[in-house]
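Enquirer: The sequence shown runs 1 to 508 under UniProt numbering.
Check the hints yourself; a few may be wrong.
Taking lysine to any residue pairs in the SDA-like style, the calculated list, with each CA pair at most 25 Å apart, reads [stated by the list, open to error]: (1) Lys321 / Phe333; (2) Lys263 / Arg365; (3) Lys379 / Arg365.
Since the hints were derived computationally from the structure, they do not count as laboratory data.
Treat the numbers as computed from the prediction; the structure is a model and nothing was measured.
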Amino acid sequence: MYSYLYSAVIHGVKAEIVRVEVDISRGLPGFNIVGLAGKTVRESAKRVRSAIINSGFEWPVKKITVNLAPGNINKYGSHFDLAIAAVLLECSGQIKIKNKNKKLFAGELNLNGNINHVKGVLSMLLAARENSFREAVLPADNQKESYLVKNLNSYLIKHLREINNLERNAENILPTPILKSNFSLDYADISEIRGQKNAKKAIITAAAGGHNLLLIGPPGCGKTVLAESIVKLLAPLNKKELLETASIYSINNNLDELNLIKKYRPFVAPHHSITAAALIGGGHIPVPGEISLAHNGVLFLDELPEFKNSVLANLREPLEKKRIKIVRQQGSFYFPANFQFIAAMNPCPCGFAGVKDRVCKCSDRDIVRYQQKLSGPLKDRIDLQIEVLPLKKDEILVNKSKNKSNNYSEKIEIARKMQAKRYLNTNLKNNSELQLKDIEKYCPFDKKSKDILNQAYERLKLSVRGYIRLMRVARTIADLNNNYQIKESDLIEAVDFRWYAEKSEMLL
1 MYSYLYSAVI
11 HGVKAEIVRV
21 EVDISRGLPG
31 FNIVGLAGKT
41 VRESAKRVRS
51 AIINSGFEWP
61 VKKITVNLAP
71 GNINKYGSHF
81 DLAIAAVLLE
91 CSGQIKIKNK
101 NKKLFAGELN
111 LNGNINHVKG
121 VLSMLLAARE
131 NSFREAVLPA
141 DNQKESYLVK
151 NLNSYLIKHL
161 REINNLERNA
171 ENILPTPILK
181 SNFSLDYADI
191 SEIRGQKNAK
201 KAIITAAAGG
211 HNLLLIGPPG
221 CGKTVLAESI
231 VKLLAPLNKK
241 ELLETASIYS
251 INNNLDELNL
261 IKKYRPFVAP
271 HHSITAAALI
281 GGGHIPVPGE
291 ISLAHNGVLF
301 LDELPEFKNS
311 VLANLREPLE
321 KKRIKIVRQQ
331 GSFYFPANFQ
341 FIAAMNPCPC
351 GFAGVKDRVC
361 KCSDRDIVRY
371 QQKLSGPLKD
381 RIDLQIEVLP
391 LKKDEILVNK
401 SKNKSNNYSE
411 KIEIARKMQA
421 KRYLNTNLKN
431 NSELQLKDIE
441 KYCPFDKKSK
451 DILNQAYERL
461 KLSVRGYIRL
471 MRVARTIADL
481 NNNYQIKESD
491 LIEAVDFRWY
501 AEKSEMLL
């Protein structure tokens, strides 16, 4: 007797459909799994046997062979349990499964027949939809993932005995899940932050143009809160981006860390003790790292010089190519990493170099050595580098009401629409991607602005890369001011944003 069903296996962040075949024949009773099955899949034999018996079914006392096709792909994960149990029961004539050519099965079995939540289900459902599958049989605890994928009916079951006559049990198709807002994912509103006028402008500019940002200032001046405030300024995740990001979180089994109600872009802030493998992804069976969790969102590195140089060096490829490639014996894995990079650091080891009314205990050599931890290639990819100063007494003690006339989100939305119209039918998405040839085409400026640019070149000793970063920022500021041409005021503000960066480069 022969039968088959379908499941899937995760490779990188995508899933591949796997055909689960079972043959029950005469011979010495046994249970064998072939098809490059990993340890977790081979262990399913004992779980499946106990679950079938404890669910009121009979175990065929015959020679049982399970094949996972195609045979050239490594299979791993306990989610094959449900598919193996279902096809074995169907093959032995104990249940009948309709439309099995268009059904996907995934779920881990307990010994008593209960079905556990499994990770990576969202990627499996997306692969099933791409392969014209119409239905999926999943654990009830994976209800949230099934809700995100439309045009695919999901039977959500809690016990193996529910596998019989799925279509008759209407209660198996559970109602729309109640999505709860995770209050820990709420971020500060930029209008609630006191003082820091210049830093706020930098955050708004970064949000509008997709620029990477470095905040440099003493401890306690609000760098972290400023960085977090960018989340509410960024456009919500669209449908495609939400599925891309949620599938990565599903693989890492932390989908609850995404706000699916407000669709905030992810804000990932790893500790400076993180390893390179945890940052970019890895392991024996590679899983996405923190930079992939920040895909379509923000990666924030606080205390940047405290990160190991080997860890920071791994950021160069994803910042340039928007993805990371990891090679293992099983093959090459590509993880998406299209994130906006924001970092914060102190000006020196003690944190008070150049701060008024505070004494810095660091020598000039210590300061230079500390700032040199930020490598040149990484620094080249940061358009905005801003000095954040401590708040004055009046800014701390006086509670000023919000200025409702400054509708930051509306200005940013207008700037984004200008960029979308300007870069229509090109590979560019925002101003942060402009190169030298693009600047000549998309950054026109008047005569007064040209004079300001000449002065900036002389005073800041601009290099080619410095010029490119300056013009990227100036283009975004012009968009925020609804200017087609880059005006004198736009360029002056961009020069102000570049001043600290060029000053620090001259120091080093």
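Enquirer: Evaluate each hint against the coordinates.
Expert: How the hints compare with the structure:
1. Lys321 / Phe333: Since the Cα atoms of Lys321 and Phe333 sit roughly 15 Å apart, the hinted pair holds (cutoff 25 Å).
2. Lys263 / Arg365: Judged against 25 Å, a Cα distance of about 46 Å means the pair is violated.
3. Lys379 / Arg365: This hinted pair holds, its Cα atoms lying about 20 Å apart.
Hint check: a violation occurs at hint 2 only; the rest are consistent with the structure.
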